[in-house]
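Asker: Here are the chains, one letter per residue:
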Amino acid sequence: MASQKKVAETPAPAAVRPSILPIDAGPVQELGREVDLKAFRDMLLIRRFEEKAGQLYGMGLIGGFCHLYIGQEAVVVGMQLASKEGDQVVTGYRDHGHMLACGMDPRGVMAELTGRRGGYSKGKGGSMHMFSREKNFFGGHGIVGAQVSLGTGFAFANRYRKTDNVCLTYFGDGAANQGQVYESFNMASLWKLPVIYIIENNRYAMGTSVARATAQPDLSKRGASFNIPGELVDGMDVRAVKAAGDRVLSYCRSGEGPYILEMKTYRYRGHSMSDPAKYRTREEVEKVRIESDPIEQSRARILANGWVDEDALKKMDADVRKIVNEAAEFATYDPEPDASELYTDILR
Amino acid sequence: MPTQVLMPALSPTMEKGNLSKWIKQEGDKVKAGDVIAEIETDKATMEVEAVDEGTLGKILVPAGTADVAVNTPIAVIVADGEDANAAASPAQPSKAAQSALPAAVATPPVPAKPSVPEFADEDEHADVEHVTMTVREALRDAMAEEMRRDPDIFVMGEEVAEYQGAYKVTQGLLQEFGAARVVDTPITEHGFAGLGVGAALAGLKPIVEFMTFNFAMQAIDHIINSAAKTLYMSGGQMGCPIVFRGPNGPAARVGAQHSQDYSAWYSHVPGLTVVAPYTAADAKGLLKSAIRNPNPVIFLENEILYGQSFPVPKVDDYLVPIGKARIARQGADVTLVAWSMGMSYALKAAEALAGQGIEAEVIDLRTLRPMDTETVVASVKKTGRCVVVEESWPQSGVGAEIAARIMENAFDWLDAPVARVSGKDVPMPYAANLEKLALPTVDEVVEAARAVAYR
Ligand SMILES: Cc1ncc(C[n+]2csc(CCOP(=O)(O)OP(=O)(O)O)c2C)c(N)n1
Ligand SMILES: [Mg+2]
Chain B
538 MASQKKVAET
548 PAPAAVRPSI
558 LPIDAGPVQE
568 LGREVDLKAF
578 RDMLLIRRFE
588 EKAGQLYGMG
598 LIGGFCHLYI
608 GQEAVVVGMQ
618 LASKEGDQVV
628 TGYRDHGHML
638 ACGMDPRGVM
648 AELTGRRGGY
658 SKGKGGSMHM
668 FSREKNFFGG
678 HGIVGAQVSL
688 GTGFAFANRY
698 RKTDNVCLTY
708 FGDGAANQGQ
718 VYESFNMASL
728 WKLPVIYIIE
738 NNRYAMGTSV
748 ARATAQPDLS
758 KRGASFNIPG
768 ELVDGMDVRA
778 VKAAGDRVLS
788 YCRSGEGPYI
798 LEMKTYRYRG
808 HSMSDPAKYR
818 TREEVEKVRI
828 ESDPIEQSRA
838 RILANGWVDE
848 DALKKMDADV
858 RKIVNEAAEF
868 ATYDPEPDAS
878 ELYTDILR
Chain A
-6 MPTQVLMPAL
4 SPTMEKGNLS
14 KWIKQEGDKV
24 KAGDVIAEIE
34 TDKATMEVEA
44 VDEGTLGKIL
54 VPAGTADVAV
64 NTPIAVIVAD
74 GEDANAAASP
84 AQPSKAAQSA
94 LPAAVATPPV
104 PAKPSVPEFA
114 DEDEHADVEH
124 VTMTVREALR
134 DAMAEEMRRD
144 PDIFVMGEEV
154 AEYQGAYKVT
164 QGLLQEFGAA
174 RVVDTPITEH
184 GFAGLGVGAA
194 LAGLKPIVEF
204 MTFNFAMQAI
214 DHIINSAAKT
224 LYMSGGQMGC
234 PIVFRGPNGP
244 AARVGAQHSQ
254 DYSAWYSHVP
264 GLTVVAPYTA
274 ADAKGLLKSA
284 IRNPNPVIFL
294 ENEILYGQSF
304 PVPKVDDYLV
314 PIGKARIARQ
324 GADVTLVAWS
334 MGMSYALKAA
344 EALAGQGIEA
354 EVIDLRTLRP
364 MDTETVVASV
374 KKTGRCVVVE
384 ESWPQSGVGA
394 EIAARIMENA
404 FDWLDAPVAR
414 VSGKDVPMPY
424 AANLEKLALP
434 TVDEVVEAAR
444 AVAYR
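Sequence order for the protein chains is B and A.
Its first residue numbered 538, the first sequence is counted upward by one per residue in the numbering used here.
Its first residue numbered -6, the second sequence is counted upward by one per residue in the numbering used here.
These are computed hints drawn from the structure, not numbers from a lab.
Please read all numbers here as calculations on a predicted model, not as lab measurements.
You may find that some hints are simply not true.
Label-pair restraints from in silico Cβ distances [what the hints assert, rightly or not]: (1) B/746 with A/307: 14 to 24 Å; (2) A/25 with B/856: 13 to 23 Å; (3) A/62 with B/833: 32 to 42 Å.
Heads up, incomplete: computed chain B residues facing chain A, CB under 7 Å, no partners named [what the hints assert, rightly or not]: (4) 595; (5) 597; (6) 600; (7) 660; (8) 742; (9) 746.
Using 30 Å as the maximum straight-line C-alpha spacing, the simulated BS3-like pairs for lysine-lysine come out as follows [to be verified]: (10) B/815 with A/429; (11) B/852 with A/9; (12) A/24 with B/815; (13) B/852 with B/758; (14) B/815 with A/9; (15) A/161 with A/429; (16) B/575 with B/815.
Think of the CB as a built atom: it goes at the ideal place given N, C-alpha and C, for glycine as much as any other residue.
Please model the complete structure; the sequences and the hints are all you need to start from.
Answerer: Here it is as structure tokens:
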């Protein structure tokens, strides 16, 4: 089938592993000591950061909507491990993890969440609207689906300028039903734009499960009528994400056009802080947590491989907590933006 | 060190909540992520999770306590061997909690619940019994009553059915009317708005809920090109009886893409009827009228008003006519014109002005298109002065339209130019202090009224 073009096979050692996938995805490429440890730490930073953001929200320091990424950490961390300098990242409002994975400063991200002048948007954007040109992070968008066309535009710019960079465009299973997604798919395929559409399928769009919103629940097939190949990835296993990222990034860099990666993942927390989450059971959440937590998988693997011992991991956790606490401290005491900022940045 | 569990803020608009239930009891072990209590917010029942490991040492706020302010210590979690009483009272909140709220965050960025306004105009229902209900309940009742009357009416939108509405406006409708008439859609505004218009052209009467009007921008092509213009383009053959409704206007701390007033956008368009109520009574009576209206109606609600209570006449079929303004307060010195949330600034300003010896007449426009120019002009002919209050941007706004109409119809009666108090000419900022500055204030309305009254 033309739409399911296969990219280069990767050799990998056989290993049985728990998987969130409905299918057997086969063996997975190991990461090796250094990358395994980096992945663990990057995921842990996101987890601890988000837990802290949840606390600050509860204390009234963060206002409005605040969408946590807890449970989905392996997706963005795995893809960032595969990407290279100059590749752009764009996503929706569940964006804190993406920013940290892009190397943005936790202090600046947290201060944006509290609406302070040291935040990435000077406090004017908030949780859902944050950017860093320097780190090639292009938002942070509050309108479901908008980032898909925008990401396609970054890919257009890459081809226009003849760079070999790729735009990593993230969106949810709910966003996958927006019309502009398919308008974008068509153009991206027609013009062979270097964009990876990463669908973070966490099973729900607010309170609506994929089954209740989506006629073809296999979202990796959503590109079929545009000749965009797609595949399912275990988004709870950072190794599987990185392996898919490696293959597909080189496919896109070589001018073959767009690609779809459907990441099977799960969010543990409510949609936003004000979601009573009555549409799923606690048991369902617990089951994923116990069976497929990306950080716990990574921890177990590191210990089993003997990369480091338990104490070293504890120390790493303490270091990460320190960074997060400092970010929270900064975000708590940093002053609000100056009143004159109300009228700046409207035009330039 | 023992840590206090504070009453969390679990929604953008929550200032207090009820502590309905303790899931864990004193002495129970807890780990991070465990649900320890259930609270009721202004929208829903929510679970409180522990963020630390330890033992629930002491419960400070018993189950069943109502109106617990956000950030009140509700329990103490102790590590093994610690004494709960050490941290219990007097409150010794954690450092972060003490420093938590800069002054600007502590005060809500929008006016709090307004006092219940007097109906100063001739209200034909003045004598009947009134019940107090929230705007949210009034809207729900309006839909339910109309759906009972007419099987062609159905409700469609994101999270309207099983979730009971993202803002709980459609609560209970699925249970009463079933999934065929209360339809959850995918997140496809352009698609379901167009589908709704098609169904309306086919003779059904859809109520299309936008989770907020910000997302109706995805669908505005169908609202204008398909819904508003088709009757005209078909020489009167193709009527489109549809209601597009949902929260409009600035919400609290959600930033530029989720905080915008679309009053002027829709009021610009011939073929649309645009309604924007303030009170629960008007919300109910006007929504029922909108559903019966044979034309496309844009029904602009307001998230901040959803939880506010007003008296609503207890009559079988309470209808408020579309296109008629309401004089919410009488006065001879200056006319204040507002609608929706703008009314809460106007009424407070009128109260303040009365204290300064200026009697303001407050007109609640209620419908923006067709606009009740007559009522506004009659008032201005009496007072000679007018201030329009709106939350949206000033340029090409509804305020500008009102000023033009007054100039056209009451020029010789004016003693001062019409003044506008509006949201500032900027995208809505997120930071608490800037958001406050971006919105109109009661003081600005008072100042403007004094300026046009030369006092
Ligand atoms: C155009 C538009 N419609 C509706 C919303 C409200 N909304 C915000 S997030 C969301 C659910 C999106 O779910 P999904 O795409 O699966 O992403 P997830 O939240 O699971 O990460 C909805 C309906 C919005 N922000 N924009
Ligand atoms: Mg989702």
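Asker: Failing hints, ascending?
Answerer: Checked against the structure, the hints that fail are numbers 1, 9, 10, 11, 13, 16, while the rest are satisfied.
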